[in-house]
Amino acid sequence: QSVLTQPPSVSEAPRQRVTISCSGSSSNIGNNAVNWYQQLPGKAPKLLIYYDDLLPSGVSDRFSGSKSGTSASLAISGLQSEDEADYYCAAWDDSLNGYVFGTGTKVTVL
Amino acid sequence: QVQLQESGPGLVKPSQTLSLTCTVSGGSISSGGYYWSWIRQHPGKGLEWIGYIYYSGSTYYNPSLKSRVTISVDTSKNQFSLKLSSVTAADTAVYYCARSERYCSSTSCYTYYYGMDVWGQGTTVTVSS
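Chains as they are written, first to last, in the working numbering: chain A, 32 to 141; chain B, 122 to 250.
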């Protein structure tokens, strides 16, 4: 079981906004950069957010990240059918001495 | 742009060693500045970090796999490799290789500050007799 906890699933109608939470601790989110990845069905993960809230070049600005204390969030605005995917948060964990991924959240566009 | 491609046997027998290679194209491992990682995903499950290597050969492994994992680099072939020994059915997974840019502050260097920005397509490995 991962030390980064995400809701198993979220769903919302097209053009709406969803938020995915990622709950950790002081040894991971609280002290290290949070990254977010999107994994479309049958595909490799893709980097969405790095260092908590920064977007890599080419990533839609409908995606945004934030962090407060030991929790992080990913928001998707203007939800589109192409956003249906699994989303993972990740961070280095100083106690486990490794990079940990969140439990993953499946986003469904109704 | 940089691309990664995993290769290796799709079927490995229990107790044997799983060996995979990631070939880097469009960029040189030996130029430095990047870490090269392995990640796996069990069927229908989440992502699990296995470890990484720097071009110099320095490595860091997931403590839960450390006793069985070896990651190496061959800069002449622009490849890095994963070996996982004594495999069981629990090692059946899709294995990905990925790149992350090294970030150094005035006091420390970080592996995943910028996240893993380039991934291979993944290769499925089944452990079965």
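Bear in mind the hints are in silico, worked out from the structure with no lab data behind them.
Predicted model only: the values in this text are computed from it and were never measured.
By construction, the Cβ of each residue, glycine as well, lies at the ideal position given by its N, Cα and C atoms.
There could be a bad hint or two in this list.
Straight line, CA to CA, 16 Å or less: simulated EDC-like cross-link-like pairs of lysine to aspartate or glutamate [stated by the list, open to error]:
#1 A/K77 / B/E169
#2 A/K77 / B/D212
#3 B/K166 / A/E113
#4 A/K74 / B/D238
#5 A/K77 / B/D195
A few chain B positions that, by computed beta-carbon distances, are all more than 12 Å from chain A [as the list claims (entries may be wrong)]:
#6 P130
#7 Q162
#8 N183
#9 T191
#10 T232
Against the structure, the hints come out as follows:
1. A/K77 / B/E169: It holds: about 15 Å lies between the C-alpha atoms, which stays within 16 Å.
2. A/K77 / B/D212: Roughly 23 Å separates the two Cα atoms, so the pair is violated.
3. B/K166 / A/E113: Violated, because 21 Å separates the two Cα atoms, which is more than 16 Å.
4. A/K74 / B/D238: Within the cut-off at roughly 14 Å; holds.
5. A/K77 / B/D195: violated, 26 Å
6. P130: holds, 20 Å
7. Q162: violated, 8 Å
8. N183: Non-interface label on B/N183 violated, nearest chain A Cβ at 5 Å vs cutoff 12 Å.
9. T191: Label holds. Min Cβ-Cβ 16 Å, cutoff 12 Å.
10. T232: Per Cβ check, B/T232 is inside 12 Å of chain A; nearest 7 Å; violated.
Of the numbered hints given earlier, the model fails hints 2, 3, 5, 7, 8, 10; all others are met.
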